[in-house]
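Q: With chain B fixed as given, assemble chain S onto it according to the hints.
Chains B and S, in that order, give the protein sequences. Under this note's numbering, think of the first position of the first sequence as 4, with each following residue one higher. Under this note's numbering, think of the first position of the second sequence as 4, with each following residue one higher.
Misleading hints may appear alongside valid ones.
Because identical chains cannot be distinguished in the list, a pair is counted as satisfied if it fits within a single copy or across any two copies.
No farther apart than 20 angstroms at their CA atoms in a straight line, the calculated lysine to aspartate or glutamate pairs in the DMTMM-like style are these [stated by the list, open to error]:
{"hint": "1", "residue 1": "97", "residue 2": "69"}
{"hint": "2", "residue 1": "97", "residue 2": "222"}
{"hint": "3", "residue 1": "65", "residue 2": "340"}
{"hint": "4", "residue 1": "97", "residue 2": "128"}
{"hint": "5", "residue 1": "402", "residue 2": "386"}
{"hint": "6", "residue 1": "402", "residue 2": "11"}
To be clear, the hints were calculated from the coordinates, so they are not data collected in a lab.
There are 2 protein chains.
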Amino acid sequence: MPEHEWIDGGVTAPEGFYASGVRCGLKEHGRDLGLLASPAGCTAAGMFTSNSLPGWPVVLDKDILERHGPVAGVVANSGVANVATGAEGLDLAKGMSARAAAVIAARWGAEERPVLVAQTGVIGEVPDAEKITRGIIEADLALGLDGGADFAEAIMTTDTVPKSRALRIDLDGGPVTIGGAAKGAGMIAPNMATMLAFITTDASLSPDAARALLRPAVDGSFNRISIDGDTSTSDMCLLLANGKSGVPIDADGPPAEAFAAGLAALCQALAVDLVRDAEGVTRVCRMEVTGAASDGDALLAARSVAESPLVKSALFGGDPNWGRIWMAVGKSGAATDPERISIHVGRVPVLEAGSPTSDGKRLAVGPMSQDEVAMTVDLGLGDGRAHYWFSDLSYDYVKINAEYHT
Amino acid sequence: MPEHEWIDGGVTAPEGFYASGVRCGLKEHGRDLGLLASPAGCTAAGMFTSNSLPGWPVVLDKDILERHGPVAGVVANSGVANVATGAEGLDLAKGMSARAAAVIAARWGAEERPVLVAQTGVIGEVPDAEKITRGIIEADLALGLDGGADFAEAIMTTDTVPKSRALRIDLDGGPVTIGGAAKGAGMIAPNMATMLAFITTDASLSPDAARALLRPAVDGSFNRISIDGDTSTSDMCLLLANGKSGVPIDADGPPAEAFAAGLAALCQALAVDLVRDAEGVTRVCRMEVTGAASDGDALLAARSVAESPLVKSALFGGDPNWGRIWMAVGKSGAATDPERISIHVGRVPVLEAGSPTSDGKRLAVGPMSQDEVAMTVDLGLGDGRAHYWFSDLSYDYVKINAEYHT
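Just chain B, same shape as in the assembly (with noise of 0.2 angstroms):
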């Protein structure tokens, strides 16, 4: 199977890809609106949150993909997420949409196709019509084939850096091109999607394949991190696909397979770097569960620790009180069993089948000081596993959401 080369661009760095990110003042500094357009047309496939009470954006997004026909691309603001805003904010979103895809279509000459909408930020209020309508037309001014960088920035809420990745996959029919921008900070949970992440490429892919490649990314990587167990009534995950490349991923076989490893591992590199970025963060912590009944249960476990607030608290102090762990697995509803359950702090172990180890928690004080703690724990019942990412507690997540608001 290819292997796949990291290069610069992100979601620019597939042919014919075009990108801008501009400021119109939803957000107190920086940029604030992006626009992401190929022209000619794309597939697309999105996953979006499991919230029940989503953003309109999520639902005029839905609405569009419904329709299985070709995008024109995604106008995205950060600041003011339309979520909570009755009657008028769907106007608003479908205004912008509509407004973006005008843009767009005039300045080529091209069809005009729908235009997909991402806005993140408070809930509650209604953004200012006006500032994004000046955004949308700074935005199509300044849009250009080097613009990943400016989206990526576009779309930040507190996060502290932008999110930008891209790889290049040499398949038989050619090279194939994924890159990919995501923002992520706060109210971080699995259960889809739970950030905005917009992944472009410039295989050919049917709008069957791009759902059926999309779903198994996102599990693997945006679905497997945690930074609050709160999940975003605004968040999407969205994959793009215009064909520029002139190579056909068709729903089976090798090409398709190393394309899916790239877009996993893109997703994975987006994923790890919203972990790195979250609100407060000063460590992050790779869990590792094995030996579960089944996968299932990996999950549960692995899931449980992640969002426990405890186990975040101790890692924010670098404290291998594993103990936290046992309590967090044991909450689960992963099946258990006290005698068989061994957990290591990077390669230290400090429980042993059941029984502490006579020195374990004073050798675990240096691997759980590290920026990237490693935990693995092995419940000692099958072949079950699962793997997950989560940030620390810190003082400064508190203070982050203590005062976002006012």
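A: Same frame as chain B, now just chain S:
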């Protein structure tokens, strides 16, 4: 139905209960071993943590209670939880129970009856058996009819104040007293008793009546509070009834109803005491969900709000960012209709039938900055309702839990 009257004395307020709290050195400071005895024996019932990896005291006590015979009392220590300690830990818990049973029987020349055990604190360390033995001997010497306050102190871990309550009810058959002591602070989430709570009464109860009365009282109190959503491995609520008042409470009828109301009031008071003394607490919220499609849905929604780190951070900041309540309701799994939800902070409407009120966020700053904040979410769908108490997420919660172990 007769009213109840609050009185002093905690677990020793009912007739015939002796208690003490002494220092044996398991914690850094203060009393850390408590003894509670009713030498003539009492009927006992218990509810225990739902964690599948519980501590040895939970395993031992369930075994004792399954025999349905009278017990002599409870021995409890704080500082070390005796969880994840292998076979050595079980031997220790059994030895602790046997020694306490022996000293109580010897002191009163009574028949030897089993003693229940409760232990909380650090997980993964075997408590020092010598310290516990010495503690039990001292606690026996200190037993008194006014020892309720010392007992309540001895079970504290990161609690800053003891929680001790008692009330008297004048039933037709005569007065009956109920007393209680509880500890909480962290790892407080529902799914049964998520802390230690000991309830005593001089009413005369059969084992069946004790069990039947305890469950609804715990469901409406200790199972309606959340500090961090973590489910401890050590938690239990025990009810001991020694019959000294001579007033029998049978399965049904008016005296049982009045007793149940008093027991519920006592458990609720202790539960709210726990939230008020949560780790790092600065503000407490009473959440009310109404208009849900069912009581179950109301509970899902209330719990989701109560456990959301983002809602809890906003509570700490006194920030009426009700969008996070919307988010938490949406992720709860409860049936929702975005056009029917209304939210109040105190008496200020911030969202009415899905639309933000014009000046709600500004007006809600006042009620959101109180020591006790009331929030109401009306889902506008049916008659389902539920309440929940929760604490905020503060710098100090993180500090306490980052530094607790090392």
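Q: Would you list, in rising numerical order, the hints stated earlier that this structure does not obey?
A: Those not satisfied are hints 2, 5, 6.
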